[in-house]
Amino acid sequence: MKITFNINYQTSWGQTLYVVGSIPELGSWNVSMAKPMSYNHGDIWTLEIDVEPQTQIIEYRYFFISNNIRFYEEWQRNHQIKLSQSDHNYIVYDSWFSRPKQLAFYSSAFTKSFFAREDKTERKTKKYNKTVQIKVLAPRVEKHQKVAIVGNHKSLGNWDVKKSLILNCDQSPEWEIELDATDFSYPIEYKLLICNDDFSFVYWETGNNRRMHLPFLRKNETIIISDITFREELAPWKCAGTVIPVFSLRSKNSFGIGDLGDLKKLVDWVSQTGQKIIQILPINDTTMTHTWLDSYPYNAISIYALHPLYLDISKLGKIKKPESVKKFETRQKELNALETLDYEQVDQYKWEFFREIFQQEGEKVLQSKAYIGFFDKNEEWLVPYAAYSYLRDKNKTSDFNSWKKHSTYDKQAIKKLCDPKNADYKDIAIYYYIQYNLYLQLKEVKDYAHKCGVILKGDIPIGISKTSVEAWTEPKYFNMNTQAGAPPDDFSATGQNWGFPTYNWDEMEEDGFSWWKKRFQNMANFFDAYRIDHILGFFRIWEIPECSVQGLYAHFTPSLPFSIQEIKNAGMFFNKQRFTTPHINEKFLSELFGEYTNEVMSVYLTRSSSHHFSLNPNYNTQIKIKDHFVGKTDEKSSTIREGLYTITNEVLFIADSKDEHKFHPRISASNTYIYKELNHQDKNAFDYLYWDYFYRRHNSFWKEQACKRLTPLISCTDMLVCGEDLGMIPESVPEVMDLLQILSLEIERMPKRPNMEFAHLWEIPYRSVCTTSTHDMSTIRGWWKEDPEKTQRYYNQVLQRWGEAPKECIPEICEQILMNHLQAPAMLTIIPLQDWLSIDDKLRRNPCEAERINVPANSRHYWGYRMHLDIEQLITESSDFSGRVKKMIEISGRSV
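Residue numbering for the sequence shown follows our numbering, starting at 964 and increasing by one per position.
Since the hints were made in silico from the structure, they are not lab data. Quick caveat, the model's predicted, so the values are computed rather than measured. A virtual CB, placed ideally from N, CA and C, is assigned to each residue, including glycine. Worth double-checking, as some hints may not be accurate.
[Stated by the list, open to error] Label-pair distances were calculated between CB atoms; the ranges are:
(1) Met-1719 - Asn-993: 45 to 55 Å
(2) Glu-1598 - Ala-1820: 15 to 25 Å
(3) Met-1719 - Asn-971: 38 to 48 Å
(4) Thr-1543 - Glu-1598: 29 to 39 Å
(5) His-1107 - Asn-1821: 42 to 52 Å
(6) Gly-1534 - Lys-1753: 37 to 47 Å
(7) Val-1859 - Asn-993: 37 to 47 Å
[Stated by the list, open to error] Subject to a maximum C-alpha distance of 27 Å in a straight line, what follows is the list of computed BS3-like cross-link-like pairs (lysine-lysine):
(8) Lys-1481 - Lys-1439
(9) Lys-1671 - Lys-1621
(10) Lys-1849 - Lys-1106
Please put together the full structure from these sequences, using the hints given.
What follows is the structure, given as structure tokens:
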């Protein structure tokens, strides 16, 4: 059997097209074994190969090499041909796969849920002497619709729409049809159209008729015309959804915390109201201490393992001991009755249940064929995770550096530790059992959501814990002596210090970002869309020294720091000691310390000049200061501690961590006391350097970094990609996100244009997620009360209401705000559940402050928010409310 590949692609001198694919004749995906193509006139490249007649399906891709360097390849989607007739030779006419303009519609959110094809019956292939196969990419075809073809030949219906031929769709969004070309007379004109399942006409594709003029077909030949794109100009597709953390869910079946069974129930309510998306916060295991400190969902101990507390224990089996059944039923009622999450009690009793049910059912489960398949597929991460969890509890700390044994990861030693013959095997295997059940339950939720036309949207944190499994097993990928965070913003005036190690991107790039790809691919098991937390981290990260508590004394990495000569060229006299060593003028001390100034001068400071003080060596880092005041919450201690923190940040420049002769301007330096002491010329020079560094110098550099990292990562799965792009955003961020078609995050009260108080919702881009608030912000009702003057301006200018704004955000106003967001041009409008409930006076929670999920300025915040009503109430007892939500979604054009 011969296959001839043809593709029209314009190249330059020295460039050669190659084909690599799934069969040995195309290199079996080994790029070094790819087949070069031959150039013909008119920019046509060809390749002929012989394959075995029994070959059924071939997948392949094109790329080109320029001057012996692999230069450019197609978008991630593979070409595929089905060799349905073993006695035929095939001639393929392809088009180069570029990133489509409607990339979102190629994601699994659409192909496996919103537009998923339900007809998967196997079709019998008709045998023709001469065959023409037409393959059409039509990503935006509703579930009840089909693609059809009609043309000027009798086999194409002679332009009679009623006789049009329906294309098959075995691999959405690709449609195909095989035509009997025995009697074809050229040229043939045809056109594609959309019809309903009952074959009634819906609409034509746009543009002129298509023309087909093929070379002479011999007997037993098939021509494949591939990669035709259906032309349409439909109104923008939009939908709505709900965002809520899993731990915040509440149902009658909960055990004091939201679980995966509750998530499945939420699907029912979302579907009932015409919504299409449920967005959740990260659900990876965060267990470090078995205390409330583990409630922070962005500080996971594993990028793969799911959190044990999210197991729906009702699906694990029934405890046989009557006394245990009674105990757990009692605890369940007590914990479920609490207004907020009692993390430690939930952890204690759920783990008691896990151990008892594992003792009863574990051996049978671990011997099952399904479990063995799960283990084999996930062994690479599952064994280290289980061993880590066992050692964490045995050593009573997640800090593996302090473990007596196995503090340094040794794969063979861990394999031996986890051997089933080991006496501690059961204490390790329980983690296998739990992860297996979590996998089953979350897959069940995903599959159920698909049946309801709903998708799950996950969240990928930008960082990992310094004491996580990955930090233990793969430390080469991280800079363990630094901390990641965010510069000052609306959330925190002193920046945010997340405590995560920064990434060693050079090391990650060495193996093609495999660490990230495996992370994304694992997530695709459960989600059809995901949010990249702090997507700016793929451009640059805010790197904080290990000795800092706040996020002010830090700089971006990678970055382009200034040389001393560059600083001088800007017109500034550079004094390294003065500008990079923390110190403060004596005249400012009373502003910081008030009545405690003299005590601070004698205990905590050292005179460095006639007018200046520096920090005493015992208190010259924020960590030292923090440790000194640990446990002291009185007003005096707080005042002194915060004042000393301020002095540690009193610099204009920070020396680069890799080159001590280069320097970064300190963020928000114009607010420092040292800046106030500069003369007019030095202030102007510093202001220029500051502007250049933060707003111009890095635009191209960071764009290059982000494209290099994000392009292969978002291409390794077919999930819909969204990015959290809030904060200090360089110009290159929207450029890259637009180029890669990553949906941005748009919030009315956090405008991205300078000198605006509120974003104009009608101006936000289509490729975006619009929301009223995030987990780091107050809800609509909470925000309304925070700044009455700002609220008044919003009331008059944005809501276009006259008079004085009410002190409380009444349901009528909440509904108007939500409606404004639903009517925005964004593809997705995803509303926090608390804000949905705000439109109903009977269902909204009081006080509204109890709805807050997180306060970013407080690094020790307890993430304990739970719904104040059951999901069952939303589904069965709140029909008026659910009806209003559904109506709002319909009116806004988001009911699809």
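Structure-based check of each hint:
1. Met-1719 - Asn-993: 45 to 55 Å: Given range 45 to 55 Å: holds, Cβ gap about 53 Å.
2. Glu-1598 - Ala-1820: 15 to 25 Å: holds, 19 Å
3. Met-1719 - Asn-971: 38 to 48 Å: Holds, at about 47 Å.
4. Thr-1543 - Glu-1598: 29 to 39 Å: holds, 33 Å
5. His-1107 - Asn-1821: 42 to 52 Å: About 50 Å separates the Cβ atoms of His-1107 and Asn-1821, which means 42 to 52 Å holds.
6. Gly-1534 - Lys-1753: 37 to 47 Å: holds, 39 Å
7. Val-1859 - Asn-993: 37 to 47 Å: holds, 43 Å
8. Lys-1481 - Lys-1439: Between Lys-1481 and Lys-1439 the Cα gap is close to 16 Å, so the pair holds against 27 Å.
9. Lys-1671 - Lys-1621: The hint holds at about 22 Å.
10. Lys-1849 - Lys-1106: Holds. Lys-1849 to Lys-1106 sits at ~21 Å (cutoff 27 Å).
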